[in-house]
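Start from the sequences and build out the full structure, keeping to the hints where you can.
Going down the list, the sequences are from chains Z and D. Mapping to our numbering: the first sequence position 310 is 310, numbers consecutive. Mapping to our numbering: the second sequence position 121 is 121, numbers consecutive.
Worth flagging that the hints you see were computed from the coordinates, not collected in a lab. All values reported here derive from a predicted model rather than from experimental measurement. The beta carbon of each residue, even a glycine, is placed where N, CA and C say it ideally should be. Mixed in with the good hints, there may be bad ones.
[Unchecked claim] If you want the ones that stay clear, here's a sample from chain Z, every Cβ over 10 Å from chain D, calculated: (1) L28; (2) E106; (3) P187; (4) E222; (5) S423; (6) E460; (7) Q494.
[Unchecked claim] Covered stretches of chain D (chain Z as the covering partner; in silico rule of three or more C-beta atoms under 8 Å from a C-beta of chain Z): (8) 224 to 230; (9) 332 to 339.
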Amino acid sequence: MTAQPRIWDIPGGIHPPQNKHQSTARGLEQMPLPARLVLPLLQHIGNRAVPVVQIGERVLKGQLIAEANGPLSCPVHAPTSGIVRAIEPAPYPHASGLAELAIILESDGQDEWTELRPLLDYRDEQPLNLLDRIRAAGISGLGGAGFPTAVKLASRPDHHIDTLIINGTECEPYITADDMTMRHRAPQIVAGIEVLMHILKPDQVLIGIEDNKPEAIAAMREAVGERPMQVVVIPTKYPSGGEKQLIQILTGKEVPSGGLPADIGILCQNVGTALAVHDAVLLGRPLISRITTLTGAALERPTNVEALIGTPIADLLAFAGLRQNRLYRLVMGGPMMGFTLLDSSAPIIKTSNCLLAGTIEELPPPPPALPCIRCGLCAEACPAELLPQQLHWFAIGKDYEQLQRQNLFDCIECGACAYVCPSSIPLVQYFRAGKAEIRGIELQQSRAEHSRQRFEQRQERLEREAEQRELERQARAEKAARAKAAREAQAAQQQTEQSEQATEPKPAEPDLARIQSRKVTTLSAEQKQLKIAAATARMALQRAQKQLAANPDNADLQAQIPTLEQAFTQAQQAFDAQMSDQEKQ
Amino acid sequence: MAAPMSSPHAQGSNRTRTIMLQVLGATAPGIALMTWFFGWGTLINILLASTCAIGFEAAILRLRRRPIGFYLNDGSALVTAWLLALALPPYAPWWLVLVAIGFAITFGKHLYGGLGQNPFNPAMLGYAMVLVSFPMEMTSWPVWRGIEQLQPAFAPTLGLMEGLQRVFMPGSLPADGWATATALDLLKNNSALTMAELQQAQPAFGSMAGRAWEWVALAYLAGGLYLLYKRIYSWHAPVGMLGALAVMSLLFWNGSGSGSNGSPLFHLLGGATILGAFFIATDPVTSATSNRGRLVFGIGIGVLVYVIRVWGNYPDAVAFAVLLMNLCAPTIDYYTTPRTYGHRKAKRGLGKGAE
Ligand code: SF4
Ligand code: SF4
Chain Z
1 MTAQPRIWDI PGGIHPPQNK HQSTARGLEQ MPLPARLVLP LLQHIGNRAV PVVQIGERVL
61 KGQLIAEANG PLSCPVHAPT SGIVRAIEPA PYPHASGLAE LAIILESDGQ DEWTELRPLL
121 DYRDEQPLNL LDRIRAAGIS GLGGAGFPTA VKLASRPDHH IDTLIINGTE CEPYITADDM
181 TMRHRAPQIV AGIEVLMHIL KPDQVLIGIE DNKPEAIAAM REAVGERPMQ VVVIPTKYPS
241 GGEKQLIQIL TGKEVPSGGL PADIGILCQN VGTALAVHDA VLLGRPLISR ITTLTGAALE
301 RPTNVEALIG TPIADLLAFA GLRQNRLYRL VMGGPMMGFT LLDSSAPIIK TSNCLLAGTI
361 EELPPPPPAL PCIRCGLCAE ACPAELLPQQ LHWFAIGKDY EQLQRQNLFD CIECGACAYV
421 CPSSIPLVQY FRAGKAEIRG IELQQSRAEH SRQRFEQRQE RLEREAEQRE LERQARAEKA
481 ARAKAAREAQ AAQQQTEQSE QATEPKPAEP DLARIQSRKV TTLSAEQKQL KIAAATARMA
541 LQRAQKQLAA NPDNADLQAQ IPTLEQAFTQ AQQAFDAQMS DQEKQ
Chain D
1 MAAPMSSPHA QGSNRTRTIM LQVLGATAPG IALMTWFFGW GTLINILLAS TCAIGFEAAI
61 LRLRRRPIGF YLNDGSALVT AWLLALALPP YAPWWLVLVA IGFAITFGKH LYGGLGQNPF
121 NPAMLGYAMV LVSFPMEMTS WPVWRGIEQL QPAFAPTLGL MEGLQRVFMP GSLPADGWAT
181 ATALDLLKNN SALTMAELQQ AQPAFGSMAG RAWEWVALAY LAGGLYLLYK RIYSWHAPVG
241 MLGALAVMSL LFWNGSGSGS NGSPLFHLLG GATILGAFFI ATDPVTSATS NRGRLVFGIG
301 IGVLVYVIRV WGNYPDAVAF AVLLMNLCAP TIDYYTTPRT YGHRKAKRGL GKGAE
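Structure follows, in structure tokens:
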């Protein structure tokens, strides 16, 4: 083990009460087999998985029950053996509280495994095959967002990943799932990291752990031994565990705004994900269980459990001795970034790292918000160095342009600003709403842009067709004229033949010449330009009119219309004048 | 169970009201010393100003149909009142206080939509208004305890009844012998005497700045340091202001002859400098938002205070300097935006759509 490498500080951050000891006293417990499991088809970021089982079918533990739909998706496996009872919308742990399509599995109590295919000598395998295995095992980030792990590992195939970061920070108060995972599964985590190293071939591996987890640090150090990985102990501060923040702490580098860590040669994986990778490759087991913290003062015995994905939250809370009368707010995740759960019949999913059953003293309702006094405490706490007070101001005024200028989209929604705000302003709520509104507007705009393009293409096509017809008409006229000329010539010839020898068939000439000359000079260079100018002006006018129709109170647009109209009329007139001059000549 | 709400579900213990109360508390040493030197005048000012402020605030909230109790409770009107009361001369006639507070609360605050929306520091707006309108009353500073030993013609107003009489029946007591010009005034109008001679001739000069005032300034400094220690505000604005003032007075000191503009210490501890630096320039609502911006904001005040004191028409200038910089705060904000994580550089300047 080498000495502790250099670490960097992040701006801002807060030190909320940690409340971690409550749930670490009982070690890692095994959750008894639930009678019924709810397996949402969307437990990850991306497309919903597609069921591959029938209602009434018996499935085995670890059997694929829903397959990935496209590259950005994750399959779902049966966490235990049993009968598929239904495939229907079911309660789903999400901030929106909306139901989500799920496979309902009734366990048969046998817990009978399907056949597994462990891969012990994975070092002989191509990285791509290992990626396939990880994908097939249904692994999506266990830390929070739930991004499909295989996609993340291959996110920038053209970039070499020089640093693999394993996130064992767990900076949110109350949550101890990663802590417990490291304490009790350190060798497996390290084995999982080795699989990741085989895939990515990084130059260095940094395992970041906050200094409030000495047992986890010791366990991980021991498991790492002489392997080329470094356990880096970092100071406890929220939100050090944010992916961008951890990268900054460990490497001093920043992920470019709007980019991915892979853009700067870094990849971050959670310790839980490393464990899942180990299970998937070395044991051949898909992701069907996870370690989850059950905590909060409304629980008799807060603890950490290894629970099957799909276990109803009510079962878990009962296991931890929920005192219903004390429960005031049930949060999935931690107090800083978690969301309120309204329905405890929802299951835990692959991303559920914590259930916080808080009493009213623990998670009191926020006091009513006062006006912002611009004290700047929020800006001091912001790890992204934003100015939350300005964002708040512009969010109230719905000034989307300024919101984007103030880099609203670099906000990681960590809640540090709202935590320190003395006026109790729900800043994060404003920021989420602002982001959603801007996304909505952008979507609308891109739709409008699409239809505008379609409209213009159609317009162009019509014009082309009209021109084509005109040409055809001219050609026909020419042909007719030629035929006429020929006929006349013939008649003349006959005449002359009849009377005396005629010289040339002259009468046809002027006609033909006129047509020919007209055809050639239909559009001189100058005229072409004028025509283009007129068309451009018309297009600009139409565009503005359309925009105005979509957006009737935009004063700017209203002001533009007359100018554009005038420009168009002028251009058209210039063109027409040229054309008629031409005719006259 | 509780209704859903956005994260975070936990909150720190900091409250706006607490902040306001701590600011009030931090003025205590200054008030104590003022009372010791000048008698009950300061306390009467404060009481009068607070009552007026709460009255005005409640009346306007009622007019604007806002919940009165809820907004009064934030303590901000009280802070405005206290700071204004401290800035006004002790024993200012009651109507002066009333006009200043009324202007501060109505025009300084509610006209713009209430707390958090006002571009100007309400207390300073009220102060500047009465300074311009009633220069006589605003420059009658009472003499301090102990002056009679130096100049028997003067007698400080120390009794409570006497003080009340001065405030509520300004005409009923002799107008002479209780008030005097401040050291800043004297220095401004001086062109003949050297600093040493001035100090000899005028009891208004203490060993560092204005006699008695210098101690009051130090007491405010103590309160300000307490607020800094409590992290009620960051050091940027006060340090910027005091630093700039020190640099300016060092550059243009002009020796201690008759042309002297006063030593840095004289400027730092004289007039309302310290009160301004720690209690006025730090008003978050009307200053710049980022720390860097606050530093610039403070520096601007420091420079302006000096410029107005030395070359302007008013002996003290904290109010005007603060108001002028309030005007600049939005612009400062646009040019001092911090660089956000993941951006190569900050987006500065006015940008599109920022008229
Ligand atoms: S912490 Fe709250 S009150 Fe202070 S500036 Fe930020 S939003 Fe405003
Ligand atoms: S929620 Fe956004 S604005 Fe607030 S502290 Fe976190 S990153 Fe900054």
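Each hint, compared with the structure:
| no. | hint | result |
| --- | --- | --- |
| 1 | L28 | 26 Å, holds |
| 2 | E106 | 28 Å, holds |
| 3 | P187 | 34 Å, holds |
| 4 | E222 | 34 Å, holds |
| 5 | S423 | 5 Å, violated |
| 6 | E460 | 32 Å, holds |
| 7 | Q494 | 80 Å, holds |
| 8 | 224 to 230 | violated (count 0) |
| 9 | 332 to 339 | holds (count 4) |
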